[in-house]
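Chain by chain, the residues:
There are 2 protein chains.
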Amino acid sequence: MRFKTHLLFFLSSFVFNYNLNAQNANFQWKRVAPGVWKAIVGKPEQISLLGVAQIKPMQQALEKLGAPAFPKHLTGSKNELTDGKVYLRFPLVKQEQLFGLGLNFKSVQQRGSIKTLHVDHYNGKDDGRTHAPVPFYVSGKGYGILINSARYITVYAGTASRRDSENPPLEMNRNTQKNWDPSPYSDAVEILVPAAGTEVYVFAGKNAMEVVQRYNLYCGGGTLPPKWGLGFTHRTPTLFTDQQVLKEVADFEANGYPLSFVGLEPGWQSYAYPNSFVWDSTRYPKPKAFLDQLKTKNIRANLWINPYVSSHSPIYKNILPYTASHTVWVGVVPDFNTKPAQNLCKGLFTKQHIDLGVSGYKVDETDGYDNWLWPDVAKFPSGFTAEQVRQTYGLQFQKMSSEWFREKNIRTYGLVRASNAGASALPYVIYNDYYNHKDFITALVNSSFIGVLWTPEARSSKTSEEWLRRMQTVCFSPMAMLNAWADGTKPWTFPDVADQVKEVMQLRMQLLPYLYTTFAQYHFEGKPPVRAMNLVEGFSFEDKMVEGKLNSTDNPYAQAVRQDIKDQYMIGDYLLVAPLFAGERTRKVVLPRGKWYDFYTGNLVGEAETIEIDQKAALDRIPLFVKDGGIIPMVPVILHSPLKDQVLPLTVRHYGTLENSWNLYDDDGESFEYEKGIYSFTKLEVKRDINRDLVGNVPVPSTKQIRYNSITWQWMTK
Amino acid sequence: MRFKTHLLFFLSSFVFNYNLNAQNANFQWKRVAPGVWKAIVGKPEQISLLGVAQIKPMQQALEKLGAPAFPKHLTGSKNELTDGKVYLRFPLVKQEQLFGLGLNFKSVQQRGSIKTLHVDHYNGKDDGRTHAPVPFYVSGKGYGILINSARYITVYAGTASRRDSENPPLEMNRNTQKNWDPSPYSDAVEILVPAAGTEVYVFAGKNAMEVVQRYNLYCGGGTLPPKWGLGFTHRTPTLFTDQQVLKEVADFEANGYPLSFVGLEPGWQSYAYPNSFVWDSTRYPKPKAFLDQLKTKNIRANLWINPYVSSHSPIYKNILPYTASHTVWVGVVPDFNTKPAQNLCKGLFTKQHIDLGVSGYKVDETDGYDNWLWPDVAKFPSGFTAEQVRQTYGLQFQKMSSEWFREKNIRTYGLVRASNAGASALPYVIYNDYYNHKDFITALVNSSFIGVLWTPEARSSKTSEEWLRRMQTVCFSPMAMLNAWADGTKPWTFPDVADQVKEVMQLRMQLLPYLYTTFAQYHFEGKPPVRAMNLVEGFSFEDKMVEGKLNSTDNPYAQAVRQDIKDQYMIGDYLLVAPLFAGERTRKVVLPRGKWYDFYTGNLVGEAETIEIDQKAALDRIPLFVKDGGIIPMVPVILHSPLKDQVLPLTVRHYGTLENSWNLYDDDGESFEYEKGIYSFTKLEVKRDINRDLVGNVPVPSTKQIRYNSITWQWMTK
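Chains as they are written, first to last, in the working numbering: chain A, 768 to 1485; chain B, 768 to 1485.
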């Protein structure tokens, strides 16, 4: 099997080297894992994205996924060194769709776009400036390309046409041809890497999903959060005291709203913006006792920080030589490419936070807003450029801080404002200050292509309807979070939707077994927990362009408008989420191949078609649909994530008419013992019996790594 | 005098070299003209902005302007080569204001901004991507800095703080200090030039205006348009025939609306987008006869083009080897850094257009919209990079085409979508597709800092009120243009404001002597025709920041809001224009030092104060104010720009109470004879006689270079 793959590889490399010459060299692809190839162009730089992330490919899982041949579509790829920079070109064919290229908020399909990938706060345009400008794209034709460079890379994703193209567009006369196209056909992705060299990776796959899986597995497999990480989290207002936080926690409990961890925003520490990183003795006189008290209520605590060090921090003097030439809010900027800077933070953070029971961090302002951060002329003691540090700072903090927890054999799950390639295995969820609800959902869709997690956090709302819609969608995301740092909002702030908000928060908790297994699929198989429709088998939606109308003020080039499915997504294998937004009473839902059922009623809603759903009668629930045969394990309503050895009864829902089986994952939910094989997959299986009735098995767990004491099957579709 | 300057220069260079060292070298400033210094950093590239513009400094005018010392504020400037790039730093002091840095549409004062200067279509943010990303800034402290590099330069205009700053901001604690500032004080402009070297120029001046003058004079003095260029221009719809254009011209005449030149949009040529550059034989069977017929009516014709060559163009085959690797709308992209490409265009354009009587061009799509143009990985036969060509393409086309006219001793005045540093002397006005009326006016304000001209063209409007407002402002701009290419709008399209539109168009024509002299000041003294208030003597407006309000959704960092005067400006020495925008009935006007008078009535309106004007009673006129002592020469209403030897009577208005004198410029209005001294300045002088009454002189012209047969003084303020 292996031999065959190698043979294929050498054969194909023979084919695609036909045009090799010094000036415009083809790539020398080297297989680095099954279905993964790497090429070196020029002289790669010392710092790279995967290097900073210290990825450890999941070799076994990659083997299991199979060893496809080198993608034939990439025959004819070219690279060249010009002007001290790397120029790359990868062919495209007609109808080929491209996904990824960073955490985009407006569009899913990226063919036809130009981006300069640059870590920054997202500011309203899919131009490459975003929190995770991952230089990775996935083709619908079944391959992915990663540029492993920590530079501001410019990607022309099928926008440019060359004179020497083998598939040149036809010249048209705008004077006489009504179908004149302002964007003539382009047969290639072209990329400018502003560095003297880079690594380029190719990931193969039979479809986009398999490419993404391979990418995630190569990056170390998706992160598996602790169980508490998938519960509900509430970030309390700035300057809250320990007593106020405890009161907030008690209010959640008293009102019946789930809560698994709280976030402490600025004010827990003595100095912030820049940061002392030590507790404020007036607001938190006894942090250990406070954290212990939270723990007795089964509540974890996450700390807001940004990495910029105040002169009042105990590490200030020692870290000074390992900081940048420029400051951020007058705080010094540790160069985490230096060991002393890493160690000083590790020492302080471990002693002040982790040893006391802090569960994780919210790492703010590693992205930019551009104006806040160091300029590109800043200098760092490691010798890396400001640009390189900018592209990797959030990634590095994730890697570094997750190791602090790993060394103690406890999982963390935190928030970060900046990430990049290689982040799949890092236990962080991206968030930002941008607050467009629809765009938040598109970001959720796009996160699935690039190995990052994203939360469309709820902060405040103008109306109760908006509040409900936001709380509903955040409950169907990798981190169900209310961020009340500035507004002091509570889940029950809008009384007329307080019950509906409670219902969706409770539903989140009931779905924990499903969600946890979905994340286990991320870890073991590389399948992202949230999945763009374009990653779903049987989903077919042509990249249609709707004819543009000429308009001298708004559309002088009569640009066509792209149709994109960017407001619905899957969570895990079976659950299709189709959010409603404030002001909407109906919406279209595109159903992939097969029959689909209403999550709440089990009723058939459609099959491989676009349906219009009408929520006039049921405004209070988020539209959810389940694939035919879908198996959804649920627990009773719980207000906190289950404790390590807490045992719960399981109700397993089955939808539709198909026989099916699904592996339910479980482990201790807190430690890294699962990496040593201490976990279980329990096969939940539905078959038709002799009477053609559906029957579910009641498996006996093979290990004690399952924490459910009974299984009841529920047949949702009668 | 010269000697003294040199001595000063050497003395000061001694002072500001104190910190010279290899790693972080100070500049070696070399005086290149009075008040102008140049330094070489690293190894400058072969192509530069001023090089492409082929600037010819106006040595005599520069001498006349004086020889100030090297700006002491720039002591302590630094440069450094790192990562193959140039890092620059120039000090700032408190309260120092910065202007320029490209054609910005939203803001006038640029301190606190970050820009990557990149030729592109302006797309709603002052982030450096614009039609004229001129890397030149002017300080209110009396100096200007130009980075003469054809690269995407990033400028941190007082945003970054360094650890080693001598004026570091104080560290604050956002937890406890309400006045915590998200943008701590920065004491420097820092610049990244992504090239191994660059030239840097310093321009001195006693104030911002003198700096701008020196910059413009160094670039060759401002352009002096032909007289017809300052009349009214109407761009006829695409695909119009010769007969339709003539009909349009006749309609203007019949309805009493002024017109000096028409613009032919796509359709005059046989193929467009890309372009054949030859007349379409169906729509324009006899172009010479058509142009001659226009000429008999004293109407010039301007041709729309973009530079991308169709396979149907006669020059296609020959130009092919001198074109880029990539195409634009399938047209080939001439590399005008090669002589053959220049010559082929010159040959075709001269024969097909200029020899037939075409007066100039509208050069479209040299800016980008990014997606349309070649990618940064394109290659050009000259060996210059795509980035360098992008930054200079519009500039180069301006230079090249203006020479075609100059060789025939006729002036041109055209339109262009892309420009850059060194453009002052080039006879082109920038326009674009963006259509925000207020932002159009801010661009007008900003054009005055960077040696470019801009027109806030009128195309269409939703309401008659908006139409009137747009037509009013365009009449107070360097090119009074109705661009009806897509909409077919006429000045009289909105009947209820048709008379008011006619009035302002006629007023434009009456003001021609004032406007022409204003442009002569641009040429001979470097004073821009449109002037930002910040360039006006006696204007003082502090760069106030209004405290920002914390808001989790819109303003999470409680950013302060900058107050900026960006909606009023001066034309020439005396006329203050304060446009109204659709929906506005009142507005504030900031009056500089001295008394100011209403243009229409001569009444005093205020003195060094902010007034609120109320247009409820007079909605139909654009608010105009005249400085005390203001002298405004006017001619009777004319429908076309005066012919070469046409003689007109002159009415000279005087406003206010001050004695004054002003030099009225005149020449033949068409040729370059003025460069040989064939022009006149006529001193218009107002003095108080023995009875303390104001009396105006009636000068006898010293040369025949004045085309006014009588002068009548009009005392506007009784």
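A hint or two may mislead.
Put simply, identical chains are the same to the list, so a pair is met inside one copy or across any two.
PhoX-like cross-link-like pairs, simulated, lysine-lysine; straight-line CA separation at most 20 Å [as the list claims (entries may be wrong)]:
no. : residue 1 : residue 2
1   : K845      : K1146
2   : K892      : K873
3   : K1485     : K1316
4   : K892      : K1053
5   : K892      : K845
6   : K1229     : K1316
By construction, these hints were calculated from the structure, which means they are not laboratory data.
Cross-check of the supplied hints:
1. K845 with K1146: Close across copies (14 Å), not inside one copy (34 Å); limit 20 Å.
2. K892 with K873: Both ways: K892 and K873 sit 7 Å apart in one copy and 18 Å across, limit 20 Å.
3. K1485 with K1316: neither (49 Å within a copy, 56 Å between copies)
4. K892 with K1053: The answer is neither: 45 Å in one copy and 48 Å across copies each exceed 20 Å.
5. K892 with K845: Answer is neither; intra-copy 29 Å and inter-copy 35 Å both fail.
6. K1229 with K1316: between (34 Å within a copy, 17 Å between copies)
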